[in-house]
Amino acid sequence: MNNIANEMYSLMERLFPICRSITGDGVRETLNILKEYIPIDIKEVPSGAKVFDWEIPDEWNIKDAYVKDKDGNRVIDFKCSNLHVVNYSIPYDGELTLSELKKHLYTLPNQPDLIPYVTSYYEKRWGFCLSHKEYESLKDMTYEVKVDSTLEAGSLTYADLVIPGESEKEILLSTYICHPSMANNELSGPVVATYLAKYFLEKGDNYYTYRFVFAPETIGVITYLSNHLDDLKKHVIAGYVITCIGDNGPFSYLKSRQGGTLVDRATMHVLKNSEKEFKLYNYLSRGSDERQYCAPGVDLPVGSLMRTKYYEYPEYHTSGDNLDIIEPNELLRSFEMYKKCVNAIEMNRIYKTIVKGEPQLGKRGLYPTIGTKTANLNVNSMMNLLAYCDGQNDLLWIAEKINEPVSILMPIIKVLIEEGLLKEVEQ
Amino acid sequence: MNNIANEMYSLMERLFPICRSITGDGVRETLNILKEYIPIDIKEVPSGAKVFDWEIPDEWNIKDAYVKDKDGNRVIDFKCSNLHVVNYSIPYDGELTLSELKKHLYTLPNQPDLIPYVTSYYEKRWGFCLSHKEYESLKDMTYEVKVDSTLEAGSLTYADLVIPGESEKEILLSTYICHPSMANNELSGPVVATYLAKYFLEKGDNYYTYRFVFAPETIGVITYLSNHLDDLKKHVIAGYVITCIGDNGPFSYLKSRQGGTLVDRATMHVLKNSEKEFKLYNYLSRGSDERQYCAPGVDLPVGSLMRTKYYEYPEYHTSGDNLDIIEPNELLRSFEMYKKCVNAIEMNRIYKTIVKGEPQLGKRGLYPTIGTKTANLNVNSMMNLLAYCDGQNDLLWIAEKINEPVSILMPIIKVLIEEGLLKEVEQ
Amino acid sequence: MNNIANEMYSLMERLFPICRSITGDGVRETLNILKEYIPIDIKEVPSGAKVFDWEIPDEWNIKDAYVKDKDGNRVIDFKCSNLHVVNYSIPYDGELTLSELKKHLYTLPNQPDLIPYVTSYYEKRWGFCLSHKEYESLKDMTYEVKVDSTLEAGSLTYADLVIPGESEKEILLSTYICHPSMANNELSGPVVATYLAKYFLEKGDNYYTYRFVFAPETIGVITYLSNHLDDLKKHVIAGYVITCIGDNGPFSYLKSRQGGTLVDRATMHVLKNSEKEFKLYNYLSRGSDERQYCAPGVDLPVGSLMRTKYYEYPEYHTSGDNLDIIEPNELLRSFEMYKKCVNAIEMNRIYKTIVKGEPQLGKRGLYPTIGTKTANLNVNSMMNLLAYCDGQNDLLWIAEKINEPVSILMPIIKVLIEEGLLKEVEQ
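Protein sequences appear in the order of chains G, E and A. For the first sequence, numbering that gives the first Met the number 0 assigns the number 0 to the initial residue and increments by one for each residue that follows. For the second sequence, numbering that gives the first Met the number 0 assigns the number 0 to the initial residue and increments by one for each residue that follows. For the third sequence, numbering that gives the first Met the number 0 assigns the number 0 to the initial residue and increments by one for each residue that follows.
Check before you lean on any hint, since a few could be wrong.
Calculated pairs, PhoX-like style, for lysine-lysine (alpha carbon to alpha carbon, straight line, at most 25 angstroms) [said to hold, decoys possible]: (1) Lys355/G - Lys233/A; (2) Lys339/A - Lys422/A; (3) Lys168/A - Lys355/G; (4) Lys49/A - Lys362/G; (5) Lys355/G - Lys232/A; (6) Lys355/E - Lys42/G; (7) Lys422/G - Lys232/A; (8) Lys49/E - Lys422/A; (9) Lys362/E - Lys49/G; (10) Lys355/G - Lys400/G; (11) Lys168/E - Lys355/A; (12) Lys351/G - Lys49/A; (13) Lys355/A - Lys233/E; (14) Lys355/A - Lys49/E; (15) Lys351/E - Lys49/G.
Simulated from the structure, these hints should not be mistaken for lab results.
Starting from the given sequences, assemble the full structure and let the hints guide the process.
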């Protein structure tokens, strides 16, 4: 299993250097790498296309960008870190005094060693980001400034993968691929999503259909929803936005807008039964693509299982969010936790006892045959499960009621079905 | 605005000396004064008329009443305070020894300086009320006793005012006008109700229809309900009994019988968001006309917003409840709080976003255009509001969910409607 | 009333020596004695009959059983206590060394003075039970062992009694009669049930129909349900399993599977309003025939009111559970508590006021006629009751809402019905 930990980390290393944005070749390169792992379907939507309240913007690409001092030294250099350029900067070529230049510079005075991550998708600007230390060491002179970018009609790129199951009902797993070189937010998301897709592909006998979405945050998911809304509304019974899932913090879960939906119940049940410490956020703390999935008119039941949530770790949206804060084993723990939660949904059916009254477990070898004061303790879980399988309540409800993790009940259910004592109720 | 404070206090000064009861000229005189301020419709219902389980009693009027000592001094004198006579006392003229007289005297031994307010509407009695100090100073002699009252066929008087709004649905504001010279209970009620009626008349563009009722407590409201029940059941969506609203105590709210109705939700929302300290009573603590409005078979959703509740302040139902415990500015605070609560009901519609997914606020100038870690905090309220306007839940529900006062959300709603992002849902 | 206490204790003394089991003459003898008290209907169901998932076992009877030492002394003797034999032991006659014998001996090392109660209904075994002290004093020798029992085709015996009421809806009272000489579990159950049946027979004017069931635990109730399920599902609105009701511990109540049903609400209301101390168990702590009554597919609303619950008192299922731990007055307290709870169900109808608004209590002599600050306190219960009788909520709901025991409200309801102020609503 450690293989998967290292494989996920290696994939992240491959993806890390690419300069992604909400459009452009960085997205394409990223998706083409993922396609080596799982058979995703890559789509392009042209600039100017209407998607709900939005419009696909011009496509942005960048070759180089720098600020040179009078000696020709690159004092700010895109080639050192793609965070140095404000994402979506328009082309620029000129000479500026320091005071003119400073109007285009962004820093984090409270984190003076880190480069901030800044974007300007919908207002035409150019700018550079740098550490506050570097900023303060800039001398008063004329600088040569160049942003070698293009912002032109092109397209927005996204991908999906649908793994059909026995049921047409779907579990949605969505992640985004639009941030430049940052590791926890965002690369942990696409990396874990890719390996979850591999797992469900290889496992094969899935009850539900699994839909994986890899799209630029916000505009990409709006585009995806705009193209697939009817389908999603008809089929999706639960979904996750996978993000910030690679650090070593305790798990956190951001509930869907409605709260109390299947994804909320399953995730909280699993966390409660497996983690000493975890954190719950309600929808007021939302910040990623659940904003689109749960929006009025879309109304999908989508939550987000994370490690340390965006905004909550100091390296968030800075150059500090790099491979140093990711450990292969933590990626693995996150992968396993997503599997547990999704499996809790996968297993969550309604069961009904076939016999009336208590079944005679003894004649089936399921019960100790000598009745004493203490002998029946070890069949408690089985008896409690049978006592609540009335065809009304689903497995998660019963698990909460009888204080047993779903993971312990599932093998018991298999035995009881084999023994002809239980059946699944059509929903 | 202080004008209103002083105007309300002046009106109370005019009304204070009148000897009101559940019938008679005191009620008529009071309503005729109010008619100088607002165009109320005054009605008379003849003695003997059946109203639900009750019957309109004979009309009571009184010119004078006294107890004279052997020297002809009035030791108890109606002209000094109309509280000195048991309200609804039958006529009497005779001479009595002190011990005979005492059978007809009422005092408050625990509040020896105050005259109690005592009534005997449904059993024919006469009596006098006096301070316990005066009572103890009465000497053993023969007294001349006179109650110059009449109790004869006549009528019961009440008034109402309906201010039509855009909707036929009504908000009911009811107060009573049957107590003699007492200020907080009851004159604060009719005075604040009168100025609320003026406000809604002058404001003009009301969404709901407003119905003001001025009627003697209990029998008057039973009479009103008996004559208007079908209309009220069809239209009233929320209502208040306005009483005990002139002292300087913290606000208190007595919930409707059903609890959790619109008036309960709106009032508790407003109090929670504007007052450091306030008190909630459930319907078991009821004591005024909500007893009729909420009664089984009537079933109107009516609560009561007060300052210090009847029974809870020491001057209640005594001569201590006079103009000294009323301050113009406290009347104004009460008036403003009623406006806030009623406006929270007035504004409480169901809204739905028009676009699917999050709208693009940027292109409408509603969103900062440079995305950094902290820039989006100031649009939180707007985003949260949009995130919950799903056409299912009303504004008060959303306000509670996102922890924002309705008063802050209302201007945002106006902007969003103008921008074509939100619409009201027909209910 | 003390008569009933002593009568119940005497009946228990008569029943105590009988060696009962789930089938056989012990059950028959017990039911025939009960038939001297109440007109129960005794039924036989032949061995081999299918009942739900089960089959009626062969009938077990026993004349004698012993272990004799080499001197012919009975060191273990059924005639001393019928607990000495594993219940349902197959016949045996032979000679065994101590170590061979020990494989068939059962003791309680932690309660070395007590004989355990052990059964082996569904696996063919024989065995003896004895105190651990006796066990340890057994010497190494050859013993003569005899179990003079029969296990042959026969029948299972149960009884019921239906006392018709005004309504076809039924209250079920079930107890079991399959344990040998033990007093609290089980004889307190059939004894109290018998006297409850006598009470409802003699009382006569019952609103609900009362159904008493006397059946062997588990298999007997499964048999009963198998023969009467449609009837029970159609009629039973509430039920109790009566067991462990003779000791002097505080009352305890085990809730039905669904919880919040009529029997749960009534019992908890009564306990809360009459007992300083009581204990609640949810259905996960179940252990008696509610396991069958509440099972999925049966789904009857049945709880269990006990004193100290099975498993919770040290003498449970041992020879210590004998007449010494039963007191006549405690049996009486239990009998009275069952009456209170059942009467709370019997009285629990939906009432509606006939008049609209508050009725005029004064003209009916139900209200003090002089209105002062404090005079109306003593009619609070009546007014609160009237304020909530809206034809929507049943009496138990109202009692909880207004914080009054049902027992105090019932006489008020009678008066209000007589006065024409209240009527019962058809459900």
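Results for each hint:
Distance check on the hinted pair: Lys355/G and Lys233/A sit about 16 angstroms apart at the alpha-carbon level, within 25 angstroms; holds. In summary, the hint linking Lys339/A to Lys422/A is supported, as the alpha carbons are separated by about 23 angstroms, within the 25 angstroms threshold. For the hint linking Lys168/A to Lys355/G, the alpha-carbon distance of about 22 angstroms falls within 25 angstroms, and the restraint holds. Between Lys49/A and Lys362/G the alpha-carbon distance is near 14 angstroms, which keeps this suggested pair within the 25 angstroms criterion.
A hinted pair counts as satisfied when its Cα atoms are at most 25 angstroms apart, and Lys355/G with Lys232/A qualifies at roughly 13 angstroms. With a C-alpha separation of about 21 angstroms, the suggested pair Lys355/E and Lys42/G falls inside the 25 angstroms cut-off, and the hint holds. For the hint linking Lys422/G to Lys232/A, the alpha-carbon distance of about 22 angstroms falls within 25 angstroms, and the restraint holds. Between the alpha carbons of Lys49/E and Lys422/A the distance comes to roughly 22 angstroms, so the proposed pair stays at or under 25 angstroms and holds.
Pair hint Lys362/E plus Lys49/G holds up; C-alpha atoms about 14 angstroms apart against a cutoff of 25 angstroms. The suggested pairing of Lys355/G with Lys400/G holds, with an alpha-carbon distance near 21 angstroms, which does not exceed 25 angstroms. For a cut-off of 25 angstroms, the pair hint linking Lys168/E to Lys355/A stands: about 22 angstroms separates their Cα positions. Straight-line distance between C-alpha atoms of Lys351/G and Lys49/A comes to about 21 angstroms, which keeps the hinted pair within the 25 angstroms bound.
The hinted pair formed by Lys355/A and Lys233/E meets the criterion: a straight-line CA distance of about 16 angstroms does not exceed 25 angstroms. Using a Cα cut-off of 25 angstroms, the hinted pair Lys355/A and Lys49/E holds, with the two alpha carbons roughly 12 angstroms apart. About 21 angstroms separates the Cα atoms of Lys351/E and Lys49/G, which keeps this hinted pair within 25 angstroms; it holds.
The structure shown violates none of the earlier numbered hints.
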